[in-house]
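Colleague: Here are the chains, one letter per residue:
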Amino acid sequence: MSDGRAGALAHHFEDLDQQHEASSLGMWLFLATEVMFFGGVFAAYTVYRGMYLPGFEAGSHHLSIKLGAFNTVVLLCSSLTMALAVRAATLGKRRHLITFLALTLALGLTFVGVKLVFEWYHDYETGLAPGINWALAGPHSRGAELFFVFYFTLTGIHALHMVIGIGILAVLIGMAARGRFTPEGSNAIEMTGLYWHFVDIIWIFLFPLLYLIGAHY
Amino acid sequence: MTATATENSTGVNYLNVQYGIRSWLLTTDHKRIALLYLASITFFFLIGGISAVLIRIHLIEPQGALLQPATYNKMFSMHGIVMIFFFLIPSIPATMGNFLIPMMVGARDLAFPRINLLSWYIYVVAGLFTVYALIAGGVDTGWTFYTPLSTTYANGQVMAAALGVFIAGFSSILTGLNFIVTIHKMRAPGLTWSRLPLFVWAMYATSVIQVLGTPVVAVAIVLVGLERMFQVGVFDPALGGDPILFQHLFWFYSHPAVYIMILPSMGVVSELVTCFSKKRIFGYHFIAYSSLAIAAISFLVWGHHMYVSGQSVYASLVFSALSFAVAIPSAIKVFNWTATLYKGSVSYDSPMIYALGFIGLFTMGGLTGMFLASLATDIHLHDTYFVIAHFHYIMVGGALMGYLGGLHFWWPKITGRLYPDAWARFAALVIFIGFNLTFFPQFVVGYLGMPRRYAVYPEEFQVLNIMSSAGASILGVGYVIPLIYLIWSMRYGPAAGPNPWGATGLEWQTPSPPPTENFEQLPVVTEDAYEYGSKEAHVV
Ligand code: HEM
Ligand SMILES: [Cu+2]
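Read top to bottom, the protein sequences are chains A and B. Take the first sequence: its position 33, counting from 1, is numbered 32 in numbering that gives the first Met the number 0, and each next residue is one higher. Take the second sequence: its position 292, counting from 1, is numbered 291 in numbering that gives the first Met the number 0, and each next residue is one higher.
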């Protein structure tokens, strides 16, 4: 989101403060659009959850709370390492910065890997993929199918955000290795941090909405 | 006249600083990007215009004079999609907003110049999808993409067209985001919020809608796409889905979106009315805050498009009341503009004629909106030509008039040239007459019961339809005239000088065309906007 090369003052700003404030406001606005985007899907989810509650519960019972909880912990840790990376950047500690960025990236990859291999692929194999391979029978099949439509939509969009974040982290690590960030010129790190935390928070909403409905511990 | 507005000492401006196609395609100068947008939206205006011409020719005869019924459906769909998403929504923001906001706030550029360029490329990619959809067979869903028509029954390039709209949304979001940040963070010293030009206030309100509304229509399109690709029942009732939900998501964006189209024009008209009355605008704060009020309330009225689609009557009641509420801030503006004219020394240069046209036609459109917002009358009027006339009065009579007025007002600033004002006044008059002849009969024919979106109609409606088609040909001529003399003026027009209208505002205190960084020295503002009559605003 931040324009202007790290460390340098772009020609159209008066000073670094102005540039920094502009980047943050821009990022927050971007996150506001994201809230509205996810909000739209959440609204649709809520409508159908109201219409097909037993189906949604039946669908939810097919998800693994263990894997979901594991991934939640992974993401929360990644938020911590991301925050530490931002701190390292403002202190100008390049080695720490690279380490924490790399840790964040690794945790992000773990999340996506678990999601892909142990959850989505498993769901697909066991006939829980609406429209592609749907084998769930029973009285609540229709509602459960809608549940899985939203499950895949929401976790899919979320995972897409993760993958984009991971790509940005990779670029930042490369830039950090080349010494492109200074304590004053580390807008890009801070903005990526905001984005990363936002994606985490989305998951904090997704986990209970998808995994924990109709208590089945 | 402002003493400090000198001719550019070096003669270098944003147009001649660099030449060649690369210097345009890779530019990050907000003024050049504005011109890239101007060219692209003009292209889409032509496509939308051609489809309108075909529609009007077709409707000369009750059985349809020109097109197959299926082709007719594709024609009005393409007309709506192109005109709304590719012309009107970007129109003023992406051209005049882009060009003027940095200058009006006394900055060298928008906050994120590269994102600004990116938004244009996104727009172009989106446009390519739409052009592809058009060439590869068209869409027949209307611009509203209602389900289950769009998900289950429609033939043709629904996905390509919907993707075009989806992608164009990102361009709109990025433009809005850029404006908000610029207005918050890049104002010149002394330029407090209550000294901002009203155009900037209007653009701010517009941007809020773009940033908060657009993602929701994106979601709706994603869900339609999923349903089409995987045959799952998000909206299809046969598969357990709810088609009304689509309408909720769609109108949650698309009603506020009508204010994305009209608010910028209101901003333009605020500038024009005060400049050509040579009088301080009446009720500055009312006009400024009414823009924000419109933006806020516009998010709460979407259900007035769904009175007959099976939504709860209680919801309809609330939506109806709120729709009446949203008309209040619009009326506040109209009253304040009128009060500004009162005892002003009004001159009728061409931009002012457009502005006056705007006020009259917008008022008609807004008042007929009240008919539609009333539950009982809407049952009769819904999906008739009355609705078509209502929104064309606002979107063409209002938004497009404002766009043209603004274009004529700032053209000397943009190009450094004057156009022949007599021709411009003539064109404005032709447009006004052609417009009314086109759309007034549609109020009548709609009230009499002619439904929209049909390729044929009962014989008794023919006279009114012929009137409308005749008006459309006059209107068409009215649009071609400015195209000719504006292009002519770029080469042959006399030099405009920095401030041909004697207007206040920072953009007039820099040479025309402005230098790349807008000001030779960044301005310091010491006065309110629109100090007409008393003393001139000046740059220190
Ligand atoms: C003064 C405030 C306004 C009110 C109360 C109002 C009310 C309405 C209502 C109730 C409808 C639905 C009619 C129906 O389908 O039965 C409608 C349709 C429409 N209005 Fe307005 N309107 C207002 C302002 C505007 C503005 C400013 C614009 C555009 C810039 C606009 C554009 C439209 C469009 C495009 C439609 C038709 C949508 C479609 O079905 O294709 N309206 N309006
Ligand atoms: Cu509306």
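Hints listed in this document are in silico derivations from the structure and should not be mistaken for laboratory results. Bear in mind the structure is a predicted one, so any value in this text is a computation, not a measurement. Cβ atoms here follow ideal geometry from the backbone N, Cα and C, with glycine treated the same way. Honestly, I wouldn't trust all of these hints.
[As the list claims (entries may be wrong)] Per label pair, the in silico range of CB-to-CB distance:
no., chain 1, residue 1, chain 2, residue 2, range
1, A, V46, B, A421, 54 to 62 Å
2, A, G112, B, I486, 42 to 50 Å
3, A, T181, B, L482, 46 to 54 Å
[As the list claims (entries may be wrong)] Residues from chain A that keep clear of chain B, each with C-beta distances beyond 12 Å, as calculated:
no., residue
4, A31
5, V46
6, A68
7, L79
8, L90
9, E189
Colleague: Work down the list of hints and note, for each, if the structure agrees.
Modeller: Checked hints:
1. V46/A - A421/B: 54 to 62 Å: Roughly 58 Å apart at Cβ, these two residues keep to the hinted range, so it holds.
2. G112/A - I486/B: 42 to 50 Å: violated, 58 Å
3. T181/A - L482/B: 46 to 54 Å: Taking Cβ atoms as reference, T181/A and L482/B lie about 51 Å apart, which means the hint holds.
4. A31: Non-interface label fails for A31/A: nearest chain B Cβ at 6 Å, not farther than 12 Å.
5. V46: Given that some Cβ of chain B is not farther than 12 Å from that of V46/A, nearest at about 6 Å, it is violated.
6. A68: For A68/A, whose nearest Cβ neighbour in chain B is about 27 Å away, the distance exceeds 12 Å, so it holds.
7. L79: Nearest chain B Cβ is 29 Å from L79/A, so the label holds.
8. L90: Its Cβ never comes within 12 Å of chain B, the nearest being 26 Å, so this holds.
9. E189: holds, 15 Å
Checked against the numbered hints given earlier, the structure breaks hints 2, 4, 5 and satisfies all the rest.
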